[in-house]
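First to last, the protein sequences are chains A and B.
Residue 562 is where the first sequence starts when you use the working numbering, and the numbers rise one by one after that.
Residue 59 is where the second sequence starts when you use the working numbering, and the numbers rise one by one after that.
Since the hints were derived computationally from the structure, they do not count as laboratory data.
Some hints could be false.
[As the list claims (entries may be wrong)] Selected chain B positions facing chain A (in silico; Cβ < 10 Å): (1) 184; (2) 329; (3) 331; (4) 345; (5) 352; (6) 366; (7) 397; (8) 398.
Virtual Cβ for every residue (Gly too), placed ideally from N, Cα, C.
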Amino acid sequence: MRLLNRTAGRLSRHRRGPLAGLAVLLLGLLISGSLYTAFAPAQAQSQASETEKIAQGKELFLASCAFCHGKNGEGIPTVRPGYQIGPPLVGTGAAAVDFQVGTGRMPMAAPGQQAPRKAVAFSDDEVDALAAYVASLGPGPAIPNESDYSIEGLSEEERQEAISRGGQIFLTNCTACHNFNGAGGAMPRGGYAPTLHGVEGKYIYEALLTGPQQMPTFSNGNLSPDEKRDVIAYLGSLEDAPEVAGFTLGGYGPVGEGLFVWVLGIGGLVGAAVWIASHTTRTTKSKVES
Amino acid sequence: MSVDTSKVATSNRTNAATASKPGPAGSLATWADDRLGLATAMKKNLRKVFPDHWSFMLGEIALWSFVVLLLTGVFLTLWFNPSMGHITYEGSYDQLRGIGMSESMASTVHISFDVRGGLLMRQMHHWAAAIFIASMMVHLLRVAFTGAYRKPRELNWVIGCVLLLLGTLEGFTGYSLPDDLLSGTGVRAADGFLKATPVVGAYMSFFLFGGEFPGESIIPRLYIIHVLLIPGILLALIAAHMLLLVYHKHTQWPGPGRTEQNVVGFPMLPVYAAKAGGFFFMVFGVIALMGGLMSINPVWKFGPYDPTKVTAGSQPDWYMGWPDGLLRIIPSHWESVIFGYTISWNVMLPILIVPPLMLVVLILLPFLEGWITGDKRDHHLLQRPRNAPTRTAVMVALMTFYGLAWAAGGNDIIAIKLHLSINQITYFMRVAIFLGPVLAFWITRRWCISLQRHDNEKLLHGYETGIITRSPEGQYSERHLPISATSAYTLTARDRDEVLALPSETDSAGVTAPNSRSERLRARLSSWMYSNNVQKPTRAELEEAHHHAEHEAELQAGLDHPADGHQFDDHRLRDADDVPLRDH
Chain A
562 MRLLNRTAGR
572 LSRHRRGPLA
582 GLAVLLLGLL
592 ISGSLYTAFA
602 PAQAQSQASE
612 TEKIAQGKEL
622 FLASCAFCHG
632 KNGEGIPTVR
642 PGYQIGPPLV
652 GTGAAAVDFQ
662 VGTGRMPMAA
672 PGQQAPRKAV
682 AFSDDEVDAL
692 AAYVASLGPG
702 PAIPNESDYS
712 IEGLSEEERQ
722 EAISRGGQIF
732 LTNCTACHNF
742 NGAGGAMPRG
752 GYAPTLHGVE
762 GKYIYEALLT
772 GPQQMPTFSN
782 GNLSPDEKRD
792 VIAYLGSLED
802 APEVAGFTLG
812 GYGPVGEGLF
822 VWVLGIGGLV
832 GAAVWIASHT
842 TRTTKSKVES
Chain B
59 MSVDTSKVAT
69 SNRTNAATAS
79 KPGPAGSLAT
89 WADDRLGLAT
99 AMKKNLRKVF
109 PDHWSFMLGE
119 IALWSFVVLL
129 LTGVFLTLWF
139 NPSMGHITYE
149 GSYDQLRGIG
159 MSESMASTVH
169 ISFDVRGGLL
179 MRQMHHWAAA
189 IFIASMMVHL
199 LRVAFTGAYR
209 KPRELNWVIG
219 CVLLLLGTLE
229 GFTGYSLPDD
239 LLSGTGVRAA
249 DGFLKATPVV
259 GAYMSFFLFG
269 GEFPGESIIP
279 RLYIIHVLLI
289 PGILLALIAA
299 HMLLLVYHKH
309 TQWPGPGRTE
319 QNVVGFPMLP
329 VYAAKAGGFF
339 FMVFGVIALM
349 GGLMSINPVW
359 KFGPYDPTKV
369 TAGSQPDWYM
379 GWPDGLLRII
389 PSHWESVIFG
399 YTISWNVMLP
409 ILIVPPLMLV
419 VLILLPFLEG
429 WITGDKRDHH
439 LLQRPRNAPT
449 RTAVMVALMT
459 FYGLAWAAGG
469 NDIIAIKLHL
479 SINQITYFMR
489 VAIFLGPVLA
499 FWITRRWCIS
509 LQRHDNEKLL
519 HGYETGIITR
529 SPEGQYSERH
539 LPISATSAYT
549 LTARDRDEVL
559 ALPSETDSAG
569 VTAPNSRSER
579 LRARLSSWMY
589 SNNVQKPTRA
599 ELEEAHHHAE
609 HEAELQAGLD
619 HPADGHQFDD
629 HRLRDADDVP
639 LRDH
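The whole structure should be built from the sequences, with the hints applied where relevant.
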């Protein structure tokens, strides 16, 4: 206690010192300054460094993308007309880059029918830089804001309407390839519509906007931004809702169900028949004795 | 020997015994018997003997799953509304609220979310239906592979095939009732199949749908077919199927004491009543578990049917999968135009021609076999599949055809799960559907014949003991010991196959013999079916072999027990008896 009292006494003595006011002022400035740096919107800084970002993006592009897409994103045609090693990226916009690189589809590990989703090769900043570079090549769709694909700001009733409207839009436009459950489906020659389970709303929005790979583009004239948001809301509601019916067995429909009928249903019941037939009335004396 | 009768009657050994007063159950039985005459009927049937084998219980799975179907189906009818009237869904499933749909769809979603136990009942009904048809097919395979369809059971085989067809139709009509996106796509496909029929196709479609597809009649019509017409016929045919089973008596595997005249097994009461009753609860239990734990046909995710929508993975239930598979692999340009009318071979062949043809082939199998063999005897002893190599091979070839077509029906799911190209699966299937059955036939027949050879080896030279002996010259050989009399009897309890001689085309006077063409065909088929089979050894061959074996045994005396590895040291087990070789 003595020690504490002494410390407190010493502090209060300094508080009345001649330089105290200046020290407090400096301290206040230091704290507010560092807080501002930490929490300030990045805009001021990023605007300043937009050109820097594009330059960084170009370096990354030259290292990782130019082999197929060309040194200026102009695409590289093959000898076969109509086919390209990599398509031109002028005008694909930041949204396309954010989708392709942000989900790990680009850069491709190997040429093939389809670029599969895999581990992301770049940091978020690097993806931004690449997006900024490709966006600088020509005008194209920008990366959507969260308010574009989220129903957070809506009232409960509006959300409900958005979800059921989104469900109908989904069934009309998406299930033909992605399946009723968003579990994915087959496309010609080894291609496939990937699963939508666990895909972030931002990427679904970008995919609708840019039409990656075999997917058609759903422009804003085709599906308005609100309708895109509703589809994402519907898919989110499917994921949030409990599976009331039990295990979905992959959600592929009757093929998966048929597999379980034969393996589990018939397999189990034939097993039961074998078990019943092997536990029978004792017929031989030796078994009774043993 | 004295029997204690004090529990049922009293006697002092001089007067006639008087029955003691019956207990409550006995009184009830007497009461019922006096009024219904049950004793006469029960006396025989409660003592009815059934043979014991797991494969004889496969048909029971179908029977019990049918009972589950009746129970759950009645539950569903209490809430289901088979109407195509248009309403707006206002139930408790959020994602569909406010969406317009037919009343049948709305009531299905209502049963799933707002009726207590409704979803469980729906899912049990659907799983039970799938298991019902699957177990009928497994049962059919057992009957075919063991030759149980031979005389006198041909007609019961026909009834079984019709049950399979009706079960499939019943399944399809039930699957279509909710009027959801998936089943609506199926009904649309069925409409296309009808319309592919030359000349009358469009008329048939308009007749079924009461006008242009989809109309407003199809759901009520399918409903009455599903809950009244087909179940009624199914019940009647199941009753006939089982009455014939009782009348014919059950087939049994050959073995000592089992003949064509008797049935060796256990009586209905108490053994089979308990076993069959227990099996019912197991079937019920498995279906209830599947219905409770595993999602099937989530119509709320499909949404209401709308001809402008479709979902990837649009497949019928598994039993309709194989015609769908044929449809998926047939080249789509197979059409011909005659007098301005299109004949759609690409739809007719896989849907309207091949499946009915397969059913006809299936129905005809016992009759074809009977005609080729000319065998008019009753058969109550089963054949092992290896002892009818051609029949077994034909069934395996049919199964291979079915299985490949079936797999083709799931080509899109196979493509995405196994990372294959759907096109290449299709090309593969187009070849495999022809080549696969032929290969399967050939492999199965050779396999059966070599198993027959193996059986003969066991009969003539005994079984392989696993004891390797080294002769003084350094030659190694495996010791064989004779199989038991029971095994030998069972292996030899089969007929020798008779191959018909090819009749001459003309009689001795040079006149063409009547029916000679069909008789020659019959003889050729007979030779194709039986000439490669291995027949069981004759008595002379067996005696010769046994004589030889005895001679061998003398040479190797003292080696009739397994070596314990201590022949040359002093660590033999002192107090254990010599372990005899296992009875084989």
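Tested hints:
| no. | hint | verdict |
| --- | --- | --- |
| 1 | 184 | 8 Å, holds |
| 2 | 329 | 6 Å, holds |
| 3 | 331 | 13 Å, violated |
| 4 | 345 | 8 Å, holds |
| 5 | 352 | 5 Å, holds |
| 6 | 366 | 7 Å, holds |
| 7 | 397 | 35 Å, violated |
| 8 | 398 | 33 Å, violated |
Hint check: violations occur at hints 3, 7 and 8; the rest are consistent with the structure.
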